[in-house]
Amino acid sequence: MTTKERVPAVDGWFTTEEPYTLIGARCGACGTYVFPPRSGACPNPDCASTELEPTPLSRRGRIWSYTENHYAPPPPYVAAEPFEPYALAAVELEEEGLVILGQVAKGVMAADLEIGMEVEVDLQVLFTDDEGVDRWVWTWAPAAPQGGAS
Amino acid sequence: MGVDVGAGRPSGRCLVSDDRDLVVLGAGMHPWGKWGRNFVEYGLVAAREALADADVAWRDIEFVAGADTIRNGYPGFVAGSTFSQALGWTGAQISSSYAACASGAQALQSARAQLLAGFADVAMVIGADTTPKGFFAPVGGERKEDPDWQRFHLLGATNPSFFALNARRRIDVFGDTPDDFALVKVKNSKAGVHNPYARFRKEFTLEDFASSPIVSDPLRLLDVCATSDGAAALIICTPEYAKRKLGTLEGTVRIKAVANTTPTYPQVRLELPDIATDSWAVVTPPTHGFKDSIARNAYEQAGLGPDDIDLAEVYDLSTALELDWYENLGLCEVGEGAKLVRDGVTAIGGRVPVNPSGGLSSFGEAIPAQAIAQVCELTWQLQGRAEGHQVEGARVGLAINQGLFGHGSCTIVTR
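The listed protein sequences correspond, in order, to chains A and B. Everything in the first sequence is counted per my numbering, starting at 3 for the first residue and increasing by one. Everything in the second sequence is counted per my numbering, starting at 4 for the first residue and increasing by one.
Quick caveat, the hints were computed from the structure, so don't treat them as lab data. One should not assume that every hint holds.
Claimed, not checked - Pairs of lysine-lysine, DSSO-like flavour, derived with a Cα cap of 30 Å: (1) 193(B) / 342(B); (2) 193(B) / 108(A); (3) 193(B) / 37(B); (4) 147(B) / 108(A); (5) 136(B) / 246(B); (6) 205(B) / 193(B).
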C-alpha cells in the first residue's frame, strides 16, 4: 500500500508536507519559544501570559551532541525486528535558542556525525500501527547544500 | 570558607546558622542486589539496622519520612505509611515523597523541616526499591501527554542515551577520552570491593572495557550504572534530643545542609528526560547552570565551600557524569574533571575522594533508597566506620544527585 498522506506519530509537532518543519509554540507577550508545542502558561517566570501560539521553527540547526543506541529501547518504543542501531542528535536552533532531540535519518550513524555539523528536519517512518498505517516522525538529516537539490 | 553566592536566587531564606543543625543518630542499609523480592522486606532490614545503630526504639520515632517507589504498586506510593505499618503502627506522624532520584533526599528534607519546626524530636527517613530488569522504562499505560512516555515512544531516547550525549560533549569539547571514563569505573570498583553493602564487588581494569559492549556510543555497558534492589534508613534528631540521649554533642555527625533545587529558566542544558531545552532567545540564561546551582545552594546553607569538602558521594549514573559532578561541585574548573581522576585526586587516599562507597557503579541504582544510602555512607565515613574503604580523617562530606524533571538535591554533613 502506498499513500501520499503522512500520518504523524504525534499530532501538531511537525508539518507533514514539504518543506518539513518542527512546530513549536511562541509566547505572544514575551516572545520566548517552547518545544514541544503546548498551550497555556508561558514558561518564563517573569511572564504571566497564557497566549502560546503554534509557530514553525527553523528547519536547520547545528549538532550540539549525538549518540548511537545499540540496544532496543523498551516499550512504548516500537523496535524493529531484528533491531537496527540508530543515532540520536540534539540539535541547536540558533534563532529560537533551543536544543531539540531527534532520531537521525536512517542509515546515518554516529561515525558520520560531528558536533557543529549542520542538519535539517526530515521525516521517516517510526513504526506501523495496528491498522497497518505508517506513523511518521521527525528526524535530523545531514543538510543538503544550500540552493542545491535535496 | 564560603563561596560567592551573589548570583542566582536571593539567599535570605537559608541563613547560615548552627541552630539549624540536626544530628544523625543512626544509619542502616540492606545490601544492594537483584533478587526481585518485596521492597518492604528490604526496608525492614534497613530500618531495624538504623534503629539499632541509633539505640532508639521504634515506638519512640515521632516522624517517619518515606521515599516512594513507583514500580511496586500502591504501597510504594505511600512509603511512609507502608513502612510504618510493616514496623507496627505507633500513631507517628508520616510523609511520603516522590522526587525521582532525589526522593531519598526529599524525604530527608521532609523530616528535617519537621524537626527544625519543632513538630518532632526524632525521625526515621527510609527508602527501598525492587527494580525490573533492563532499561528503566516509563510506568505502564499509553500516556501521550507524559514527556517521559513521549521520549521513549517517539525517539527511543533511553536513559543511557542522555548520559551518552553528555559524554560525547566531554570528548569533543574538553578532549576527554573513553579511557578517562573507564578510569572512573576502575576507581569506584576498587573501592566497592570493600563495601559489604555494594552489589558488584569486583575490581575492573581498563582491559575489561575493550570487551564491554557499546550501549549508547561512546558509553559501554561498564560505563552505565545498573538498576538494583536495596534499602537505606537514617535516624535523625534535634541536637537537644541527641544531648539528652548521648550526654554530649561532641563527635556527632551533623546535617548542615539539604538543598532541593529547581533549575532556573531558561534551563539551556539538555537533561534527562527532556526532548528539548528551554529557549534562550529572549531570556538570558542564569550565570550558574542547574547542577552547579544545586551544590551552591547547599554550600550556602552550610556556610562551606568546595575547599572544605573531604569526600563526596555523587550520582555516577554513568562514569562520564561523575566527571561532570567534579566540576559542578567546584572541585576543579569546567573541563578539568578528567584530570582529577587521572591524577588520583578523587581516589581514596587522594585530596578529595569521590564515591569511596563504590558509587552507583558498584551499587546500581535503587531509586528511593540511593540518596539515603549516600548519607549513610557519609555518616559512617565521618565516624571512621567505613572499614576497608575509609577516607582517613574525614570531617566534611557532601552527597549530590539529580532527579528527573529538575529535582536537584544536595546534602552536607560534618563532624
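Hint check results:
no. : hint            : result
1   : 193(B) / 342(B) : 19 Å, holds
2   : 193(B) / 108(A) : 41 Å, violated
3   : 193(B) / 37(B)  : 21 Å, holds
4   : 147(B) / 108(A) : 24 Å, holds
5   : 136(B) / 246(B) : 45 Å, violated
6   : 205(B) / 193(B) : 7 Å, holds
Figure legend: structure checked against the earlier numbered hints; hints not met, in rising order: 2, 5.
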